[in-house]
Amino acid sequence: MYHVILDGSGSMTGPGRKSLQLNLARFIRQAMSAQSIKFWHWQSQVTEISPQSLSNDIIEYKNQYQSEAQVLADFTSKQSYEDVFFILSDGFSLEKKCFNSNHRYYWIMVGSEANPNLSITKKSNITSVHPEVLSPLIDEILNVPKSFEKPLVIDSSWLMSGTSKDEW
Amino acid sequence: MTSNFNIPNNLLDEHFQKHILDCELSRGGQGVVFKTKDPHLLIKLCLGEGSDQKLVTDSTQTSTLLDKFMRIGFLPMPSNLPIAMPVANLRDKAGYVMRFITDMEEFTDQFIQGRKAQKDIIKESDKAIPDWLRPFFEDEHQIKKGTGFYHSLEYIHLANSGGTRRRLLALSQCASILSRLHATGLVYVDLSPGNVFISQSHEFEHVWLIDADNMRLDGMKGDNYYTPEYGAPEVVKGQSASSQLSDCHAFSVMCFKLLTNTLPYNGIAIVEDVNDDWANDDSVSQESDKLTLDQKKERGELAYVDDPKDESNRSNSGMPRELVFTPELKKLLLKTLGEGKLAPFKRPSIYHFPKVLAQSADKQVACSNCQMTFFVEKGKCPYCDIKVPLSIKLTSFYGTDISKPFWEFNHELVNSKSCKVPNRLIDAFSYSHNNDEALLVSKETDGITLKFSNDNLSVYSAVVGVEQGGFIRLHGSLHLSHKMLQKGTFLFVENEHKSKLIRIEILGEIM
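Those protein sequences? They're chains R and H, same order as listed.
One point on numbering: in our numbering, the residue at position 85 of the first sequence is 145, and numbering is uninterrupted.
One point on numbering: in our numbering, the residue at position 409 of the second sequence is 419, and numbering is uninterrupted.
Calculated directly from the structure, the hints in this document are not laboratory data.
Take these hints with a grain of salt, some might be off.
As the list claims (entries may be wrong) - List of simulated lysine to aspartate or glutamate pairs, EDC-like, C-alpha gap at most 20 Å: (1) H:LYS497 / R:ASP215; (2) H:LYS508 / R:ASP199; (3) H:LYS414 / R:ASP199; (4) R:LYS206 / H:ASP411.
As the list claims (entries may be wrong) - If you want the ones that stay clear, here's a sample from chain R, every Cβ over 10 Å from chain H, calculated: (5) MET92; (6) LYS98; (7) TRP100; (8) SER104; (9) GLU108; (10) ILE119; (11) SER137; (12) VAL144; (13) LYS157; (14) TYR166; (15) SER184; (16) SER188.
Where is the CB? At the ideal position from N, CA and C, for every residue including glycine.
Just chain H, same shape as in the assembly:
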């Protein structure tokens, strides 16, 4: 049960609590995280620095690591932050116990398709490939014939794992956690998709971070770990310690990877180098050249693939950017991964990301045919050309000033399930509560029903042509018929200095 490590199944912590190890949950360069028989507790055991992936057994090193874990407990952590913090050190082992929630999996496992999954789909391609994807798949299959990586199959994984919208929401939640951490002056240090967890069920998008053992106050000395591909150039080169700015770099790389299915510096410079390798049999010297290029990439010497001013490393691979990035998100990533690559102080603060990512997610709806999610302003599904499904569009405004929207929320309406409208539609964007439920919208045969989750809110509704368009206090739920929605319907959420007017619209056709 404990992988290939020679460790007992029972481990004692510093409080003499016994923990029974279960299966391995994740593994990184610094350690292995195990589940325990208690579903709410995990155990991390540290690995030595060599490439042989052995657990730390040296007593001096163990003592140093246990000291480090103990100090993490003194950091000024914000309350209720979803980061699995060390709650007890292990006795005589370099490791610690951390609290966790159940039914979570790594971003890597949920969002990044592995080779094995691709091979399984190819084996079952007659049944597994949907019609809308078949021409793309067959073109690729003609060339690759079962070998190599199929970009077409990434679309199946994308659809099955909640589409771009779920990724945007997950990234927004992760950026919110980092924002709260940074707001107290802390730095996370080693961010990568292997350290971020999300609910297995697509009904939820709870996000947690693990591997808190490198966290420290920004500007303080400490270990400068990074995951290959995610390290900021100044940290890789040893010029600077890990900082909030390097956290922003790692987050932006993760954002780019999860949304586009490719890495931000893997452009033609890398591809051409690999092709050169294949064309030349001098494998030893070419291997050395390749390492140099990889090192150049890690050191920030290759251009960002989407840099409009530098096309030396452009890329045609990955998701078309207009399907996954809004202009605001594209700008943030360019500022971090392009302009800010070698100039850390030019990188946008992490505080910008949660809102922009959530705004992007709320502009997406799920196609009723292919289940891919897309920006509703496209007018039809860009993957299978089907019209926008029946959807609700809620636009909130500052007070009654409709010159500038405060928030826009779109979501498809389906028969079987209510649509959860988040709190960010009606309240100032909070890193802790923006995703809480504000109201539920249900599709009925003759219209829709809205129900606010907080009974203490003062909500008023008004419909063109009903009671001369006057605002009436809402009690309980509100049913709006097709005709009312057609005429024009508004809500007003009263809140001393934060009142919001909400316009309700329906997009798409009745199914």
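Next comes chain R alone, as it looks inside the complex:
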């Protein structure tokens, strides 16, 4: 299961951030349409949002709310250890305690000046990426081969029938 978490803290009302966050969430939905994926809105609590609401621009950001780090930590800790999280955030509300060591996190850094909390990504299970590399990142996540190690010899299963031409 993949979880896409939209940071709903006040700082996300900064110019262009909400649009970028929604556009990225829609892209993840399009690029991973064959996967089990849920969307969540993280403010003072984490609430599920329907994929359709990404299309209707109904997600609200309220300046008086601060997204709470512990709330996110509690939420992720209840999910299966195999689950993967995409967090679309400018990082102002992210803290070390948001992340637990059992899950894989991808923090998609929304907003040009992201981010004041880069140090939190030093954990091995957190990858922070600029939205520009989200597409190849998803490609890599969905296509993990059994081995990247150099083979010793050619495997006969790699040969194509009809590779060679009569003329050669």
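Could you slot chain H onto chain R? The hints should help.
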């Protein structure tokens, strides 16, 4: 030198630098772009809103525009993005100086054939029409007799301007620029073939965007300009501001236009309306009807010509789709121009386009006879029926998992020139570097030679029957004889978590 505008040849910018205007480079609804005597600098001068195409002279309007250009400099632009940004405002004139690279021309000039070019070919038709196109041309000439637009002649322009492959690559580069822009939350606003430039020389496919002065953060207020035929319906109707979604619409229209030579909503509804006009002498009322239909088109009320669920506006004109679209590209365009026409949120993000367009380009080879490019899986040139030319096919895989290809690259091999294999074959698809050179392949009399461009890459090669098929570290270039290629040849590019196995195949016959 400065067209029909009453302006001095010398203009001062805000830093008191003097710029000497040269010829006009391009013109749109909002302004005119001039070359200057400095080949790396262009100047844009703004036009007023009326139809008389006069430069802005009103001081209040000039001041407002100069403020707007200044603010563009504060946008969070990605570094090294090939967009000609304002670098200095002009003094006392509504316009700005922008940096550019030389020897570029508009997509319109390179990819869209003008009437004059068609007339020139018709005048020289004995020599200018190749044999494979002659029957098609003569059938059309019998009917049109030198008047109207000849679809057959578009094929000559297509062949002379790099074929479908060059268009696919150019569009992929343009989509990559837009993807980088969108990834920082920006919206371009007024995309059209007149605002996108490509290298004049077919040796290169550098792409640049100009007219950055409407760019802004998505969701912010601003001018909602669009070029007729390219505006998203929600923007045309004034329901929404320009957005990344409207950029995607404009890009898809441009994609459809450049690849098929027709527009995505110019189907039988439009053609029948024009025929009705000719059949009826009541020109005033018919003109009014036509305007209504054009407005309907702009407002998204006509069906997408390739919509399989709605045939009310189908079209038989333009390039046969199976020659220019892969199934993946066809699907993206249908989702944008069909399903997403009136439902912006259903449109695919721009991030999907660069890869799909590059994948399509890399499936094409150029015919040795007619120079048209075609999908190699067709088995022979669909334009002149000649067999697939001698070509290389490189298929890369994730690690050593050959169940799903990572990338497939095809290219014809010719004696005089090396074939550049792009970085996207061996590395994750990057919007900035996917088209960089990864290796060169040269045709030799007894085989091929491969040379990797990055000496720091750890590359291994293996040939069936040589050293028991073992992988050997590659140093310098690799020569593969015909026999080796026939037996089966592989490369392994080592890269911690991104290693790729590459299968090398040869298609076609030795010339």
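Now for the hints, and whether the structure bears them out:
1. H:LYS497 / R:ASP215: 13 Å, holds
2. H:LYS508 / R:ASP199: 11 Å, holds
3. H:LYS414 / R:ASP199: Holds. H:LYS414 to R:ASP199 sits at ~12 Å (cutoff 20 Å).
4. R:LYS206 / H:ASP411: The given pair, whose Cα atoms are some 7 Å apart, holds under the 20 Å limit.
5. MET92: For R:MET92, whose nearest Cβ neighbour in chain H is about 12 Å away, the distance exceeds 10 Å, so it holds.
6. LYS98: 18 Å, holds
7. TRP100: 19 Å, holds
8. SER104: 24 Å, holds
9. GLU108: 19 Å, holds
10. ILE119: 12 Å, holds
11. SER137: 27 Å, holds
12. VAL144: 16 Å, holds
13. LYS157: 28 Å, holds
14. TYR166: 14 Å, holds
15. SER184: 13 Å, holds
16. SER188: With a cut-off of 10 Å, R:SER188 remains clear of chain H, as the shortest Cβ separation is near 14 Å.
Of the hints listed earlier, there is not a single one the structure fails to meet.
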